[in-house]
Each structure stands twice: as structure tokens, then as C-alpha cells.
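*Asks:* Here is what each chain is made of, one letter per residue.
Number of protein chains: 2
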Amino acid sequence: MRVHVQNDPDDPEFLIAPEQWHAAAADEPQHEVSFGATAEDFRRARDSVELLVGPPAALRRLRPLAAPHLRLVFVNAAGVDGLAPFDWLPPGVVLLNNRGTHGPKAGEYVAMAALMLAARLPDLLAAQRAQRWHRLPTPVLAGRHAAVIGTGDLGSAGARQLRALGVCVTGVNTRGTPHPEFDAVVPVAALDALLPRAALLVLACPLTPATLGMIDRRRLALLPAGAGVVNIGRGKLLDAAALCDLLEAQHLGGAVLDVFDREPLPTGDRLWTTRNVIVTPHLSCDDPESYTHRSLGVLFANLRAWRAGQAMPNLVDPARGY
Amino acid sequence: MRVHVQNDPDDPEFLIAPEQWHAAAADEPQHEVSFGATAEDFRRARDSVELLVGPPAALRRLRPLAAPHLRLVFVNAAGVDGLAPFDWLPPGVVLLNNRGTHGPKAGEYVAMAALMLAARLPDLLAAQRAQRWHRLPTPVLAGRHAAVIGTGDLGSAGARQLRALGVCVTGVNTRGTPHPEFDAVVPVAALDALLPRAALLVLACPLTPATLGMIDRRRLALLPAGAGVVNIGRGKLLDAAALCDLLEAQHLGGAVLDVFDREPLPTGDRLWTTRNVIVTPHLSCDDPESYTHRSLGVLFANLRAWRAGQAMPNLVDPARGY
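So the sequences go chain by chain: Y and W.
Counting in numbering that gives the first Met the number 0, the first sequence runs without a single skipped number right up to 321 at its last residue.
Counting in numbering that gives the first Met the number 0, the second sequence runs without a single skipped number right up to 321 at its last residue.
No lab work stands behind these hints, which were simulated from the structure alone.
It is possible that some hints are incorrect.
What the hints assert, rightly or not - Which chain Y residues face chain W? A few, computed with CB under 10 Å, are given here:
| # | residue |
| --- | --- |
| 1 | G99 |
| 2 | M111 |
| 3 | L114 |
| 4 | T137 |
| 5 | P138 |
| 6 | A163 |
| 7 | G165 |
| 8 | T169 |
| 9 | G175 |
| 10 | P177 |
| 11 | H178 |
| 12 | E262 |
| 13 | T266 |
| 14 | W271 |
| 15 | E288 |
Predicted model, so just to flag it, every value in this text is computed and none were measured.
We put the CB at the ideal spot given by N, CA and C, even for glycine.
Sequences and hints are given; from them, build the entire structure.
*Replies:* Here it is as C-alpha cells:
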């Protein structure tokens, strides 16, 4: 197949280098592959490319996507909200994401955040900054209840780690479809009933028109006193101002946030300094040692399915947005 | 048996209240129990007491311990270094600690610290204080190597949680006695060979003349670049000045410390502010919801063994110091 990999020169972290491609493609049939980073690089490939590969930032710059033989676009990211709306995708061209790449790192981040919030580490860090020996003994995390919004790669990896720590985990997805990594899964319609018993709320779902602003002020207020919030999905899932208000009012115990409405989070943003907020710069799910290798593994699994005439597991439904 | 519980009025956290005693003692034969906090309280019990129970701070105040019928002293703590040397213990009186009380909480603390250090959270927290979006993607913790000094209740609980996270854990104890929670156990004599491949060093052993200053400047320097250090044992196990030097020189990646040479850690101490040190105030192993109940469960298990003429599992050997 004629493949073109378009990298983002401003983001070397998600770059796919020729040697990485060839190492991961060892069991693949011979493809004709080109690599580029500029508009001119893509122009040279445009008339022949069948499979286009790249991170969202690079693909965004290629729109409108006029490539007469294009059949597949593989986005080197799990969240494709940055490419929506999908009207730039030529009719009949299949869009794939790299869902499945992020689980191991995401699970560890969720476990870390859950342990930190249960141990009231944000309060202890504030005491440390004041050089104050402030004993705040806390019960174990084991035995508490967590609600995880999203039962995909990220949410299920988080649930697996939380359950290994003895946490009782209820997942939330559109229809309440069961998933083996969760103690229970409920539909979004049951979310309001779930929140009052969730000591921990983890957001790990895609951003779509249906999830935009889902965790609003009213729902945050339904969480029990002292609850913790973790966001590894997208910033716009959550009302950040309401979160800050509830943290300042000491209704919520703390928050560990990796994703934000605007990224990079602007200097002066209230989230940087709000009591008991831990800010990390959108890295909760990215393992630099394995990212490209795992991602290309996902791509090649999809190509094998495609060649065999089977359903591709990473098909993005532009109407759903994930 | 005639029991006296001497509480520490300055430390209500480890207080054993009459209702807690009676709830935990439901299956015990009837004991005659008194509770006190002052010297006068103890004086009233002194001539009859057979089993004395209390935290180290309270017991320390009763020395010299002149009680003609005393047979057993149960220290409501795992580390008894604060009561050493043990020349105050009348000949023939058995000393017990509450080893076995702290595991669940200690294991969670070690997991939290390991995940934080692997994710370079100390660096990320510094970036947050500067409101700086500083991406530092890190590989997963799974697959790394940890060295855990001490294979008792704390060390084995830490090892269990680390192994559940996919970490390869080598324990260190006096003779290299194997333990099922560890991938391997080596004797202290092999420690220097172990340190260069330990991305994480966890101190979870008692403070004794043999372990005092065990992790000195030379041994800290044997750790690989970027390694993390966790201390849930005792402050004096470690050369804190050398640790700070190696963190400032960016040889070590970070440290999560719960115990200190002097506690409370004095205002102005270098550890409060050294780059990438997380200070918590000696609470890594204490779950306030379960502490007294678990501790009394340990005591009663020892009393059952004693009545049955079996070895008591929590016997402290004053010569070893644990």
C-alpha cells in the first residue's frame, strides 16, 4: 500500500521515524512509505497516497484533504475531537484512531491520582510549602467507591488498577454496556444517582457533543463531601470554574487534572493555584518509550482486519465523534 | 488478666478507648481492665497490673517500670526504637509490638510514592508552582526494578502493591531469608550490588544499631541517575544531607519521605524545600479508622498463643531491637 506519514515538526514527541515504522512493520506486507512534515512534503505524496498517518495537529493542516486514492486515515491519537467536525474527510475514506495505545500509562496515572487524593496529598503538599507539620491521617483507599466515566481503553485501564487496589468501581457509558474490568456499568442516565456515593470521580471518555460539559456545577455538587476528581479525558467535559468553587468551599477534597479547556493552560488561570488542584500537562496517557510502537501495532492490527474483510476495531464513527 | 491501658494525652490519635477495647475483646476471656493517662493513673494500677498496653510515648514516661506482677508489655506501635535501650524492662517481662497493624496503609503509601516518582510528579509540581506547562512524559512504572529494605509487615505490604503494578521487587533483610511477596530477597551484604539497578529504593526496616545510617552518602550515590527514594521506616536510616545534595545535583530524581531524624521536622529544615522532596508528617502507615481495632487484634492473637503455650508472633527481641 502507498503510505504517507505526515509528522508534526512542532511536536517531536509523537513523531513516527522511518526506523520506528520499519521495526513495527516487520510482519507487514511491503508498503511504499514516505515521510514528511511540510505542506510541500504532503503535496508530493498527495496523488498516490492510500493510507495517511499522522497526529491530529499535522492532519489538521492538510485540510481540505484532496488525495484521489486515499482510502484510510490513521490518527496517531485516541481523541479525535480536535479534528471535528469531520466534513473534511472525503466520502468513503475510513478514519481510524490509535485507541489501545494509552491504557498502561493511563491506568497508572489513575491509580496515582486515586492514592494521592485518598491520602489527602494535596493538603499535605500545601502544609509542606508552609513548612508545617500537619498530621492528616487518612483511611486506606481500599473499600471506597469510584465512578469512572468512559469504559474504553483509558477508563477500563483505570478501573483495572483501581480494582487491584481494592476500590469498588462503577463505570458509566452511553447504554450501560457491561465491561469485565468494572464491578458494574450504568448508563449515563443513572449518573446522578451514582455521584453521591462516589468518593472518586474519574473522567476518561471522549469529548463529543454528547459529553461536552457533562460534569457541570450541579453534578459536581452531587459528589459527597471530600470527594476527589480526576480528569484524563478532555478539559471541556468539566465545568472548571464550578470545580474551583467547590474546592475553595472545601466541599470537594481535591482534583488531579491532566487536560484543560485551553492547552497549554494559560499563565494566570485559576486552576494553577486553586486549593488542592494538581495540574499535569497532558501526559497522563503517553509513554514515550512505547507510544509509537504500540500505536503502529494498533494500525497494523486494523490493516490485517481490513485485508481479511473483517471489521476494523479502531474505526471512528464521525457521527458519534469517537 | 489484670490489664492496664496507659494512653498518651498528647496523642489522641493512638488512644485506646474503653469501648474500643471491649469491642475488640469480645472473644477474649474476661480481663480486669483499667484505663489511664497520668502518672497517678498508673500508680493506682502498678501493684496489680500483669499486662501493660500503650503507645511508646506513654510507656516512656513510666520508666523505671516497677510493677511487681507485670508479665507482658504491649507497645501500640511497630517501631520500638523510641524505647531503646531496653534496660528499663524488668527481667522476665515480655515485650510485644503491634507489627501487622500497618500493612494495608503502608502498601498504599509505597504504591503512591512509586507512581509519583516514576511519573516525575515532584518536577511537575514545581512546574505548577511556576505556572509553567512543562511536558515531561515518562515511561510506565511497570517493568522497573525496586529495592525494598526490610521484609516485615511494611516492606512486604509495599512489595505486594509494587508487584501488582508490574514492578520487579528485590527485598533486603539480614540473612536474605526468602519471602513470598518479593521476586527475590538478598542479604544486607549484597545491598551494594543491588543499588545500581534500583530505579526505586524503599526503606521499610526497623531502626536498630545495625540499621542506623545504613543508607549513607556512598550507598545513595550507587543508585542510578534519576532514581527515587521512599522512607517509611525511620529518619535515621538515611543520611538526609547526602540525599539533599544528590537531589540538588540532579543525580537522584526525587524522594518521598514520611519519617525524619527529628519529628516534627523543624521549620527551616532543608528537607522542606529541597528540590523534588515530598514531605509527609509520619502518617504513611496509620489508618485512623482501623488502627486501634487491628492493633488490639494483634495483641489478642499473641495472648491466645501465650495461653496455648506457643511462640508469640510479636515478641520483640531487645537485643535485636525489633
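*Asks:* Against this structure, judge whether each hint is valid.
*Replies:* Taking the hints in turn, this is what the structure says about them:
Interface restraint check for G99 of chain Y: the shortest CB-CB distance to chain W comes to about 15 Å, outside 10 Å, so the restraint is violated. This hint holds: M111 of chain Y has a C-beta 4 Å from the nearest C-beta of chain W, less than the 10 Å allowed. Taken as an interface hint, L114 of chain Y checks out: its beta carbon lies about 4 Å from the nearest beta carbon of chain W, inside 10 Å. The criterion of a C-beta within 10 Å of any C-beta in chain W is met by T137 of chain Y, whose closest approach is roughly 7 Å, and the hint holds.
Contact between P138 of chain Y and chain W, as hinted, is supported at the beta carbon level, the nearest pair being about 4 Å apart and thus within 10 Å. Look at A163 of chain Y: its Cβ gets to within about 5 Å of chain W, closer than 10 Å, so that hint holds up. Annotation: G165 of chain Y was flagged as interfacial toward chain W, and the flag holds, the nearest CB pair being 8 Å apart, inside 10 Å. Below 10 Å, beta-carbon pairs count as interface contacts, and T169 of chain Y has none with chain W, the closest being about 21 Å; its hint is therefore violated.
Given the 10 Å rule on beta carbons, the hint for G175 of chain Y is violated: about 29 Å separates it from the nearest Cβ of chain W. The criterion of a C-beta within 10 Å of any C-beta in chain W is not met by P177 of chain Y, whose closest approach is roughly 24 Å, and the hint is violated. The interface hint given for H178 of chain Y is broken, as the beta carbon of that residue sits about 20 Å from the closest beta carbon of chain W, more than 10 Å. Hint status for E262 of chain Y: holds, given a least beta-carbon distance of 7 Å to chain W, under 10 Å.
For T266 of chain Y, the interface hint holds, since its Cβ comes within 10 Å of a Cβ in chain W; the closest pair sits about 5 Å apart. Residue-level restraint check for W271 of chain Y holds (minimum Cβ-Cβ distance to chain W is 5 Å; threshold 10 Å). Checking E288 of chain Y against chain W by beta carbon gives a least distance of about 4 Å; that is within 10 Å, so the hint holds.
Hint check: violations occur at hints 1, 8, 9, 10 and 11; the rest are consistent with the structure.
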